[in-house]
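Those sequence lines, one after another, are chains A and B.
No gaps in the numbering here: position 511 of the first sequence is 511 in this note's numbering, and each next residue is one more.
Each position in the second sequence, counted from 1, maps to that position plus 534 in this note's numbering.
Quick caveat, the hints were computed from the structure, so don't treat them as lab data.
Keep in mind that a hint or two might mislead.
[As the list claims (entries may be wrong)] Here are the simulated SDA-like pairs of lysine to any residue, each with C-alpha atoms no more than 20 Å apart in a straight line:
#, chain 1, residue 1, chain 2, residue 2
1, B, 757, B, 732
2, B, 930, A, 98
3, A, 404, A, 368
4, B, 849, A, 64
5, B, 849, A, 352
6, B, 789, A, 177
7, A, 29, A, 65
8, B, 836, B, 846
9, B, 827, A, 400
10, A, 206, B, 764
11, B, 763, A, 357
12, A, 507, B, 712
13, A, 29, A, 44
[Said to hold, decoys possible] Some chain B residues well away from chain A (every beta-carbon gap over 12 Å; in silico):
#, residue
14, 565
15, 581
16, 619
17, 740
18, 775
19, 833
20, 843
21, 920
Note that this is a predicted model, so its numbers are computed, not measured.
Note that beta-carbon positions come from the ideal geometry of N, C-alpha and C, so glycine has one too.
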Amino acid sequence: MKRLLLILSLALGLGAGAVRADVAPEVLKGLASEDFDAKQGAVAALAEAGDADAARLLKALSDDAVAVAGDKLVIVAGEQVLDAANGKLLKPAPASPDSISLNNSLRQQVDGALAALRLLSADKAERLSAAKALLADMGDGAALLPLFDKALKQEQDGDIKPILVQLQAQASLASPDAALRLQAVQTLGQSSSPAVKALLLPLIEKQGDSYAEPDEKVRLAAQTAIKAIDGRLVWSDMAGQVFTGISLGSILLLAALGLAITYGVMGVINMAHGELLMVGAYSAYAMQALFRSRFPDFVDYYVVAAVPVAFFVAAAVGMLMERTVIRHLYGRPLETLLATWGLSLVLIQAARLLFGAQNVEVANPAWMSGGVQLAENLSLPWNRLVIVAFSGFVLVVVWLLMNKTRLGMFVRAVTQNRPMAGCVGVPTARIDTLAFGIGSGIAGLGGVALSQIANVGPDMGQGYIVDSFMVVVLGGVGQLAGAVWAALGLGVVTKFLEGWAGAVIAKILVLVFIIIFIQKRPQGLFALKGRFVD
Amino acid sequence: MQNRRSFLKAAVISASIAAMGGIASSAYAADTIKVGILHSLSGTMAISETALKETALMTIEEINAKGGVLGKKLEPVVVDPASDWPKFAEKARQLLSQDKVAVTFGCWTSVSRKSVLPVYKELNGLLFYPVQYEGEELEKNVFYTGAAPNQQAIPAVEYLMSKEGGAAKRFVLLGTDYVYPRTTNKILRAFLKSKGVADADIMEEYTPFGHSDYQTIIAKIKKFAGEGKKTAVISTINGDSNVPFYKELGNAGLKAKDVPVVAFSVGEEELRGVDAKPLVGHLAAWNYFMSVKNPDNDKFIKMYRDWAKKAKLPKADTVVTNDPMEATYVGIHMWAQAVEKAKSTDTDKVIAAMGGQTFKAPSGFTLKMDETNHHLHKPVFIGEIKADGQFNVVWKTKGPIRAQPWSPYIPGNESKQKL
């Protein structure tokens, strides 16, 4: 408390007249010590001092640039080594500085102190970042209240002001004046942040027989505020859950779309479908390796290059499978099943031989890392957003291909009535190969998407084969629209079940649901109408 | 027809070559001591276990370079149980009854250890298990060179509850769904209760092996943490699920300052597959970190780097060492010392000679095998993840502490501390 008051007095300008002196040696000794309390005391002392030397040292601490060299504490700035006490360049630079580092609590303390020092800065961006940092790192911050009052008085900027108001309210929660507390609680009730809710919760908590908050009005206000925050949180919570469901659904869709063509349209039970996903994922890995070694400047765009590569590699593997094995087994589902299962083992082993049995690392490019913050408790990760968009794109392309091109027409014709299509001159054998190639290529695209969120290894495909069949069978064999609805439905249902019963139970429940559903409605959600020749 | 005949011929020739090879190797085996290495080299656990196989081979070579054991060279027999638990038992039986190994170094997950136990008991084999585990077990045929709960899990939680560790009041126990996380969390729950943490402040979650979609769980953790009081996550997630878990954690913006995650099965090796920058400050508890500074560790790291180059491991220039590797290294050396002391590789004689063995470990401490409970006395370190995937030790015990395989927090365990 005392140290914070002191930072404050300095920040408010009362300390401006202090004589400029080096950082005290006992503070430096404290920082270099192994003992946590000593370190904490030293950081607090630095925050108290608040002058340029202390600020530099705090900044260096937060950057992990402070080191011990012999009996001296130094700041390592690239090649240069500065004396931690006064920032003078040390020449010659001491040998092998041993860096000291902070733990979470100390880092939070350092960041908080740094932010408090910057809150009255002349630069707007600096003030904004300081205010935001304080929101995260201040703790209760009661001692900083006068600083917030002063900053709020000076502040004109519309972005910074609301944060300062919130900071002021948070700091006033511990005020001895009940009216001030009441006002603070009411201000905080406007927030929609779980962190604020966490601050308010202790107010309505019972300690033994009495409440932590003595004033009843404040307690009631806190209750209303918590309810209001909860009400706002519920919506973004729901939105978050629906998004995770859609995201899982889009992955299921990408995995199953290729199968919807090969199984749904052509009737081939392709047990090696998962391995085609794996081929796509390894294509992404290979492109990443190529970009890293050949075009290091464009490494962030390897994913874009991987998309066509994965499509054509997987399509080539698929067509090869069709030409050599599957075409001889049309109309014999059991043999097809066994043969493709064998092919899947061959592909897994081939991947092991080529890339090793261990998982390989496929990194998210920078533009797919992190997330976009929609609300305090709702941030959508970029990699998932990109995959949702990508699966929409693939879906549109497949739809156009099947419905608007000559090839698509032929495929549909062969599906509906093979002998008749042959009679009117459709080269059915070649159409089979091409359709299988397209289905496999789309699986390859799914593999690229999977490489961005899951592990890439030789047997990664095994985990998706069941899911893919589930989607196709549930959606109704031979229907793209069915696959879309089934994938999204399964995704959202799985995620809601997971939230309610945990990942293990959710998986079981979904499987049970599908078994019952298929028994009641074997044709799936959407049944193809028309005349068939099987 | 021609083809078939030549195929037959080829088959006969290769079979006879194989047979000759078999004779040759068994003749050779007479003046070597066979050592089994039983680690998954494929499947979900390969991310963790492959490095242990390499460490074992390296250590065996080191011992052989110094003249072997009892004047004989050690001959490694490597098998791959492929992260498939029943296959562990199958391969263990093969090692013991076909290859007649004197000792086996192997297993990572507790479920694999439980799966091979009956085999080692039946055939009176000797197994060195190098990974931290949940305790609640003490077998004559097994030496545990990893940590028992009181050498890892309990100190880590005590640290989280301390002022220094952020004074956490609420805990998420998150794990893969099998025996180790379930038992560890049972012990931790009992421990937390003894410290006055209410049931409402503990959330327990499990995921299947190889799970890769952590969105729901991260959202749940965020929500749980938003309900007041400082929250910490204790992760017993095993295998390659850790990569998507930490990726999601980084993408969701859950910072270590707000909700620290302490992991018991994540070390330097697992972090190689992840961008560690968003994870800075998250914790792990182990008995060794690569970043520990002492001459023995420098030697150990250099030896492994040289080995990686020689064995042409993938990305040999960035290999790291970790706790189970150190435990493997210590275990093999201690076994060699015990064999020298017993002047025999006979299982019972070696077991008798193991108690009280000491070894100066890369962790910087002299570790001792306990006289009675088959566990090592180990120091405990807690480290925070740095941006380069290494750990910064933020807390450690003064010296090695004795293992309590039977946790005192589980009722009825008081009388079981000895074999």
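Notebook entry, point to check: Taken at face value, is the distance from the CA of residue 732 of chain B to the CA of residue 757 of chain B at most 20 Å?
Noted result: Since the Cα atoms of residue 757 of chain B and residue 732 of chain B sit roughly 18 Å apart, the hinted pair holds (cutoff 20 Å).
Note to self: Checking one constraint from the list: CA of residue 836 of chain B to CA of residue 846 of chain B, max 20 Å. Satisfied?
What the structure shows: holds (15 Å)
Next item on the list: Take a quick look at residue 843 of chain B and tell me if its Cβ sits farther than 12 Å from every Cβ on chain A, holds or violated.
Entry: holds (17 Å)
Note to self: residue 404 of chain A and residue 368 of chain A were given as a pair; does the straight-line alpha-carbon distance stay at or below 20 Å?
What the structure shows: Distance of about 33 Å is beyond 20 Å: violated.
Note to self: Using Cβ atoms and 12 Å as the threshold, tell me whether residue 833 of chain B really stays out of contact range of chain A.
What the structure shows: Since the minimum Cβ distance to chain A is about 18 Å, residue 833 of chain B lies beyond 12 Å and the statement holds.
Next item on the list: Mind checking the alpha carbons of residue 789 of chain B and residue 177 of chain A for me, to see if they're no more than 20 Å apart?
Entry: violated (34 Å)
Notebook entry, point to check: Can the restraint linking residue 930 of chain B and residue 98 of chain A be considered satisfied, given a maximum Cα separation of 20 Å?
Noted result: holds (18 Å)
Checklist line | Minimum Cβ-Cβ distance from residue 581 of chain B to chain A exceeds 12 Å | finding: Since the minimum Cβ distance to chain A is about 6 Å, residue 581 of chain B lies within 12 Å and the statement is violated.
Checklist line | Cβ separation check - residue 619 of chain B to all of chain A, threshold 12 Å | finding: holds (16 Å)
Checklist line | Pair hint residue 827 of chain B and residue 400 of chain A, alpha-carbon separation not exceeding 20 Å | finding: violated (62 Å)
Item checked: 20 Å Cα cutoff - pair residue 29 of chain A, residue 65 of chain A -> Given pair residue 29 of chain A, residue 65 of chain A holds - Cα atoms ~16 Å apart, limit 20 Å.
Note to self: Would the hint linking residue 507 of chain A and residue 712 of chain B be met if the CA-CA limit is 20 Å?
What the structure shows: holds (16 Å)
This entry does not satisfy hints 3, 4, 6, 9, 11, 15, 17, 18, 21, going by the numbered hints stated previously.
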